[in-house]
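As they're listed, the protein sequences go chains A, V, L and X.
In this text, residue positions in the first sequence follow this note's numbering: the first is 1, and each later residue adds one.
In this text, residue positions in the second sequence follow this note's numbering: the first is 1001, and each later residue adds one.
In this text, residue positions in the third sequence follow this note's numbering: the first is 2001, and each later residue adds one.
In this text, residue positions in the fourth sequence follow this note's numbering: the first is 3001, and each later residue adds one.
Source of the hints: derived by calculation from the structure; they are not laboratory data.
Since the model is a prediction, treat every value here as computed from it, not as a measurement.
A hint or two may mislead.
Claimed, not checked - Cross-link-like lysine to aspartate or glutamate pairs, in silico, EDC-like; alpha carbons within 20 Å at most:
id, chain 1, residue 1, chain 2, residue 2
1, A, Lys-70, X, Glu-3092
2, A, Lys-20, V, Glu-1123
3, L, Lys-2091, V, Asp-1055
4, V, Lys-1373, V, Glu-1417
5, A, Lys-126, X, Glu-3125
6, A, Lys-321, V, Asp-1296
7, X, Lys-3091, A, Glu-156
8, A, Lys-126, X, Glu-3147
9, V, Lys-1127, L, Glu-2123
10, A, Lys-103, X, Glu-3123
11, L, Lys-2126, V, Glu-1147
12, V, Lys-1070, X, Glu-3065
13, L, Lys-2310, X, Asp-3289
14, A, Lys-126, X, Glu-3123
15, V, Lys-1091, L, Glu-2155
16, A, Lys-150, X, Glu-3125
17, L, Lys-2126, V, Glu-1125
18, A, Lys-91, X, Glu-3092
19, X, Lys-3127, A, Glu-156
20, V, Lys-1310, A, Glu-92
21, A, Lys-103, X, Glu-3147
22, V, Lys-1126, L, Glu-2155
23, V, Lys-1321, A, Glu-125
24, X, Lys-3321, L, Asp-2296
25, V, Lys-1091, L, Glu-2125
26, V, Lys-1319, A, Glu-123
27, L, Lys-2150, V, Glu-1417
28, L, Lys-2103, V, Glu-1417
29, X, Lys-3127, A, Glu-125
30, X, Lys-3127, A, Asp-296
31, A, Lys-127, X, Glu-3156
32, V, Lys-1103, L, Glu-2038
33, A, Lys-126, X, Glu-3155
34, V, Lys-1070, L, Glu-2092
35, V, Lys-1070, A, Asp-289
36, A, Lys-351, V, Glu-1216
There are 4 protein chains.
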Amino acid sequence: MDKLHEECGVFGIYEGSNSKLAKTVYYALISLQHRGQESAGIAVNRDRVIRCVKDLGLVSDVFNEENLDKLGECNMAVGHVRYSTSGAVSKENAQPMLIKHLKGQMALVHNGNLINSYELRNELEKKGCIFHSTSDTEVISYIITGERLKCGSIEEAVSNAMYRIKGAYSLILMSPAKLIAARDPLGFKPLCMGKMPDGGIVFASESCALSSVGAEFVRDILPGEIVTVENGEIRSDLSHVKKDSKSSLCIFEYIYFARPDSKIDGVFVHDFRVKSGISLAKSHPVEADVVIGVPDSGLDAAYGFSLQSKIPYGIGLIKNKYIGRSFIAPDQTERRNMVRMKLGAIESVLKDKRVVVIDDSIVRGTTSAQIVKLLRDAGAKEVHMRISSPTFLNPCYYGTDIDSRENLIACQHTIPEICELIGADSLGFMEVDEALEILKDGDTKCSCSGCCTACFDGKYPTEVPQVSAKERFE
Amino acid sequence: MDKLHEECGVFGIYEGSNSKLAKTVYYALISLQHRGQESAGIAVNRDRVIRCVKDLGLVSDVFNEENLDKLGECNMAVGHVRYSTSGAVSKENAQPMLIKHLKGQMALVHNGNLINSYELRNELEKKGCIFHSTSDTEVISYIITGERLKCGSIEEAVSNAMYRIKGAYSLILMSPAKLIAARDPLGFKPLCMGKMPDGGIVFASESCALSSVGAEFVRDILPGEIVTVENGEIRSDLSHVKKDSKSSLCIFEYIYFARPDSKIDGVFVHDFRVKSGISLAKSHPVEADVVIGVPDSGLDAAYGFSLQSKIPYGIGLIKNKYIGRSFIAPDQTERRNMVRMKLGAIESVLKDKRVVVIDDSIVRGTTSAQIVKLLRDAGAKEVHMRISSPTFLNPCYYGTDIDSRENLIACQHTIPEICELIGADSLGFMEVDEALEILKDGDTKCSCSGCCTACFDGKYPTEVPQVSAKERFE
Amino acid sequence: MDKLHEECGVFGIYEGSNSKLAKTVYYALISLQHRGQESAGIAVNRDRVIRCVKDLGLVSDVFNEENLDKLGECNMAVGHVRYSTSGAVSKENAQPMLIKHLKGQMALVHNGNLINSYELRNELEKKGCIFHSTSDTEVISYIITGERLKCGSIEEAVSNAMYRIKGAYSLILMSPAKLIAARDPLGFKPLCMGKMPDGGIVFASESCALSSVGAEFVRDILPGEIVTVENGEIRSDLSHVKKDSKSSLCIFEYIYFARPDSKIDGVFVHDFRVKSGISLAKSHPVEADVVIGVPDSGLDAAYGFSLQSKIPYGIGLIKNKYIGRSFIAPDQTERRNMVRMKLGAIESVLKDKRVVVIDDSIVRGTTSAQIVKLLRDAGAKEVHMRISSPTFLNPCYYGTDIDSRENLIACQHTIPEICELIGADSLGFMEVDEALEILKDGDTKCSCSGCCTACFDGKYPTEVPQVSAKERFE
Amino acid sequence: MDKLHEECGVFGIYEGSNSKLAKTVYYALISLQHRGQESAGIAVNRDRVIRCVKDLGLVSDVFNEENLDKLGECNMAVGHVRYSTSGAVSKENAQPMLIKHLKGQMALVHNGNLINSYELRNELEKKGCIFHSTSDTEVISYIITGERLKCGSIEEAVSNAMYRIKGAYSLILMSPAKLIAARDPLGFKPLCMGKMPDGGIVFASESCALSSVGAEFVRDILPGEIVTVENGEIRSDLSHVKKDSKSSLCIFEYIYFARPDSKIDGVFVHDFRVKSGISLAKSHPVEADVVIGVPDSGLDAAYGFSLQSKIPYGIGLIKNKYIGRSFIAPDQTERRNMVRMKLGAIESVLKDKRVVVIDDSIVRGTTSAQIVKLLRDAGAKEVHMRISSPTFLNPCYYGTDIDSRENLIACQHTIPEICELIGADSLGFMEVDEALEILKDGDTKCSCSGCCTACFDGKYPTEVPQVSAKERFE
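Hey, can you work out the whole structure from these sequences and the hints?
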């Protein structure tokens, strides 16, 4: 139910000859729109000259036939959708970031938060660098262009920069002649590669973007890997790839962020969610008449819960698809509430039934309470809520926007208290171990050897930053 | 899959005292948005003075905090969402239609097409009437105001007008002091009544709009009934209600148009669709590994098909919710296609499976062919398509926008030919009788005694107009 | 200084063959923009089908390459710019008014207010007519289409209608096959005819619109004349033209409304204004060092004052041309004032000088007081204000928006009092007789034999309406 | 006639306590709008935190009540209007430029072009600096922040930076606690200081902006001077002020750019222009019946020509004030032309007259030819054109956008040839020496000792850049 925010989706394409790639990027970004709705941008490279269109708004707000057409023919392009996790929404922070430096131009798109950006900014500013934005992308740009002055190629500069920037990043960089994709050594954020029917190479945050543009999935970029495309050839630099170490893909990609038709690090997102439901049915069983999911992200787990529990699956809630960005949310003071606008309860499915309802997470608890109320108003005799994620207890430093501790209901209350607060008859959360167990399952063997679960269990795979992004700029 | 268009949704509210009703109407229209996305409007009545805001666009495009606030406090209001079935999209045709006449002001919202509007326009023009728009709403306004000059009250004028206007209409009329809802004697279009917690009265095209504003469903307006609210009292005029005659609710309300959480003339839309799937599984059985629905309108029937056939239900297609009005559709010439942008196939559900896929209708067949291709590309071994409606063979004169015969695939081809054209392994359509059988089912007894199925079987419940709306104005 | 508002500018063009006339109308409307900045519209006629684009805003806001292009080729077109003198700004009142009636379509543009529209509306509503707008244009449309049913041609219908509508109107009507221009028998509002280089016929409120589209001025339309263009032929109906009676052109066309390069009823607007200055120098002489005009409309009279008085003409005030519609006017509470934003005083022209400043009118007096202050702040030793119009004392019923009596400074104060209130050293207004004398001057012989001066002297050339437009609709 | 473009207007204000200064800056920018219509921006400083709103468009497009209000209270603010002289119109280049650096924040606005920006960019990029924009402002920001790291205060950094940046600049810099205005040592661009009634200090490109906000003119900033306002105190650093050397104010400020009510370096712009007309009447006398000016910038010189020649001054051309940014210019292929839209000729002033027409400059000659034609069409018997500037023969490197030599008519043709090309009966240009003579006139003694006239005579007061801005980025 739209409670957490991922910060970005990235896409890049390299073709052998010039064509109208901006439109291809447009379609890819439409498929990645769920990863960020704040700003969108596309940069194209024609004959080593890079041009860019970006603005606040949805992909379909920012782009139209006219500006896509004006971007013209090109042989490389990158695109970005953004949700900002620090500071105010701002045009300055929109990506791609376009940079003019000594060796030419560069367009950078990136997903993830650094943990040492504060230190790096300080260091850079001491050397006389000036910053236009508050984004980590500008820090990364500086580090890369700084390294570029000392070494022979842009990919070498990226590799050197990776020794200095720490944290989560999946980035795509377009130089005058090369398209480079790089993923941080712990693999916090997804990044995959595909092939166009005519041989072009694409990179994307999620595989669903490949399908939408007709590309074939080739493979995930490895944590730490740098892939360079130049003159149609692909080179892989594995020097940052750590053998035998655990990787740290954000588990929320599986739980909530990613589109169910995407496959990330070898795991189908839909399958993970169905298995979450199966696991929940084992760990938190209940007698009931129907299992329903909160659309859209609770449906897969509800289906799994039904499979395991043998309680019939039902379609008990439908989602109003016309609640967009310009929707005027009801005041707190009005009787009507947001959930009632977003969701419709199907009375014939719920009336006089004992209902299991599956949602993907509980953040503040208010939405859950409204859902329970909606179901009871539609006649549900009992409402058993099952949550396909563990309780949030810790902040994320890698790019996921989790509420502050005061607002996280699980930081303030025990599970029985939450159950009472939201008015459910019973409540169960998935455990961290259950989630990790799913990833070990034979069918869904993960290419990377682990996930970051710090927001649940506090086990941060890196040092923790001293100064948060918010503190710095607000 | 968005192939047919209903023309309108209507909403009206009457309260005992002045309050900011425009916002209530706004929320109701958001819940009726699926019935029309071309224009939206709200008219409010304060102290007998009617004011209106309307424009082309979605409800959330047309309205903002500022213009809702400017509409101010009032004790009555009506609202409308529109999809135009004749002529070009035009501001002149947006509703509510606001009229100044001898006895005061009037705001009218209406859903449905008349069959004698051509004759009525001619007759009125001969008397010196002039028309600003091409809509039936203006014709109805003239007839009602004409009758108003001859009789003692606006509700009497509505009743007299109903002897002259023929065809489909569910209308809500706001006069200086009254709110009046009327439904044509054959009940082509839905219309229901609800009650606000504080006693206010509401009318809406669908019951889902009642829930969204916190109103309780009271009952459907009977075919031919006129309900007048004045000084908080409700009066019903049943003089146009035909006892014992069959009613003619558009069957497509159940099949496709209405929201699944609505209840129309005693039947839950969701239930009708689930039973369609059950019926299809009986009439067109097939051996398969998984049943999936084309989201959103094919999901309920897929669920029913699975219930009956015991073939597991699966979530095999997901819909991109960011394909909005400003989305730039791919050119015909581009390799990429619209279905690939709108739908994502979940490979792990489909790979190496025999798949039954349920859609609500086939109009031209191109979309169906793309869906079959999408499923096969995701690894489906067999694709069996089942359609939860009969084949379209005839035009609709009551307000549903069906393609011309040249474009209707079922007018040009047999079912086996269609199956081949779309590339499916088998294809089955629901029969008209199956649909009518569902309505007789004990659980879903329809309050009206029949449905219009003319687009399938050519049995028009009224005369057929000589001159179509399109011919007149184009 | 922008104190009074004219309500409209009209334009029409008839060509022998189809071409992109919408753009010609666009340029004409740009030249008539000073006559109305609230809404703009163009209707085109191609093969008897009329299409229209109109909206609130300036001509250059409403029209763009795209919508002009979509209007396509046509052989007739009309256009309109509007300033509304009654009720709120509203899209419904924008012109051209497009009407569908028994005999076909009609587009009407018009300038002026009727004095019997209240009675006509009542009469029409009694017959069952309904009104969408509050404008006189809709009343005229009804009267004409009503007459059309009784007679053989549209021009005959216009002639018959002119026996029933009373007041001020210059109108252009486009029927499927004809373009008709008509002017009320008293000639309140200007209307002239021109010829395109290729033989096309144009009608316009002012001759400046002819120049801008490359047309040659042919003649003014006579008060009461109806000119019909059909198949390239021009017919004139003089049956409403009153021989020997005085005509009543609004004198404010000469004083303020019209563009100085226009010629109306035989008089060059610029010449009238120069002669006003000459007359003022005779009737209100003063010793001074420099004569300046308040730009733009006071410049011509200042020049005349200088010619007669031999006091040097100076450029002492300049106007900021970037104060547009979206300019945020200073609050009353702010020290800064509107005049200081709009006008810049040239110190070197004013310092230590005795200054005569000419403005076209004084309405409330606040602007004049700010101008006097601005001049003194720039160093003027004495400020003598001369006004090239008489004092406003009466309301206008023919389409000029004059403030209510409470706001008219001349209704509340004597001229010496006003002089003191605005802080001038002396003040002089032109007398009504002086204005009328100018029109009798040999050089500027007016084709019509008089002007309406009712707002100054209360001599209304018609009956006065009982119910004002404002009272009816507010 | 709008042929040349100045690049910018700057404004800054420092108040003792917090108030809504954004609105004051807004009014100042409206008064400076003639200096740049491409983008506008305001940055405010509240408690050392700088916030900014800027965008493409006119001041009144970019700002509205809402965003001005959101900028809130502050004790310092700067603003900018821009016309870009190099590269495409771009949001990145809009000012104020907001910079985050080691010592805090900085907002910079500036007018003028550097001649060594190419070299400085190269040098900075070699050190690892990256550029987001193509503007000189970013170069200046880098140089200043770089110097800031090495010295004790921001004003010292500005002073040090001024040893490195060469060319034309009038800049205002807002640091967390100071407002600093600086003008290049040759004084190419104007910059003056004023005082608010409450003691606040303002800086502006032109004195007209002071008047509009109610400030009193104090003095011009000297070429090379740095003025720092801190804690309400004003300090002046004269270390870059060159005694005895000639200054180089762009002469086009007097001829065309500046508003006639401004006073720059001791000279009233209006006076300069009147004296240009007087000088032209001496150097290029002619027998004629009337002298008219091309509005707006030719009016002052026409007035001067009349004074000297005793030929009567006339108002023969009027300007359409509704030709704004969104005006659709006529195609080259259309008969109608741009001049006919922009200007109206007053026939009664011109008919059968020998006309002297004064314009400020001739660039390509096409506009002049259309003006001559317009006057002849209005009946002028002879047309004698006088130009109140010398012929353009050389490019400007300091920020004025002069066409390339191929387009400059004076580079391709002799004056007699130009006279024939534009169809005039005679043609005369002011000489460079005449212009310089005016500045020596007792009444208009210039505070700076000279003007840059390089575009006329090629005498560049600095070295000339090797690589032009256009070459670098296009």
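| query | Does Lys-127(A) pair with Glu-3156(X) here, judged by a C-alpha cut-off of 20 Å? | reply | holds, 18 Å
| query | Regarding the pair Lys-103(A) and Glu-3147(X), is the alpha-carbon distance no greater than 20 Å? | reply | With a Cα-Cα distance of about 24 Å, the restraint between Lys-103(A) and Glu-3147(X) is violated, given a limit of 20 Å.
| message | Would the hint linking Lys-2091(L) and Asp-1055(V) be met if the CA-CA limit is 20 Å? | response | Measuring from Cα to Cα gives roughly 10 Å; hence the hint holds.
| query | Is Lys-1319(V) within 20 Å of Glu-123(A), Cα to Cα? | reply | violated, 46 Å
| task | Take the C-alpha atoms of Lys-2126(L) and Glu-1125(V), compute the straight-line distance between them, and say whether it is at most 20 Å. | result | holds, 16 Å
| Are Lys-1310(V) and Glu-92(A) close enough, with their CA atoms no more than 20 Å apart? | Distance of about 56 Å is beyond 20 Å: violated.
| message | Given the hinted pair Lys-3127(X) and Asp-296(A), is their Cα-Cα distance within 20 Å? | response | Since the Cα atoms of Lys-3127(X) and Asp-296(A) sit roughly 51 Å apart, the hinted pair is violated (cutoff 20 Å).
| request: Given the hint that Lys-1070(V) pairs with Glu-2092(L), test it: the Cα-Cα distance must not exceed 20 Å. | output: holds, 18 Å
| query | Are the Cα atoms of Lys-1070(V) and Glu-3065(X) separated by 20 Å or less? | reply | OK: Lys-1070(V) and Glu-3065(X) at ~18 Å, within 20 Å.
| query | If you draw a straight line from the CA of Lys-1103(V) to the CA of Glu-2038(L), is it 20 Å or shorter? | reply | violated, 30 Å
| query | Would the pair Lys-1126(V) and Glu-2155(L) pass a check requiring their Cα atoms to be no farther apart than 20 Å? | reply | holds, 18 Å
| request: With a cut-off of 20 Å on the C-alpha distance, tell me whether Lys-3127(X) and Glu-156(A) pass. | output: Roughly 18 Å separates the two Cα atoms, so the pair holds.
Of the numbered hints given earlier, the model fails hints 2, 7, 15, 20, 21, 23, 25, 26, 27, 28, 30, 32, 35; all others are met.
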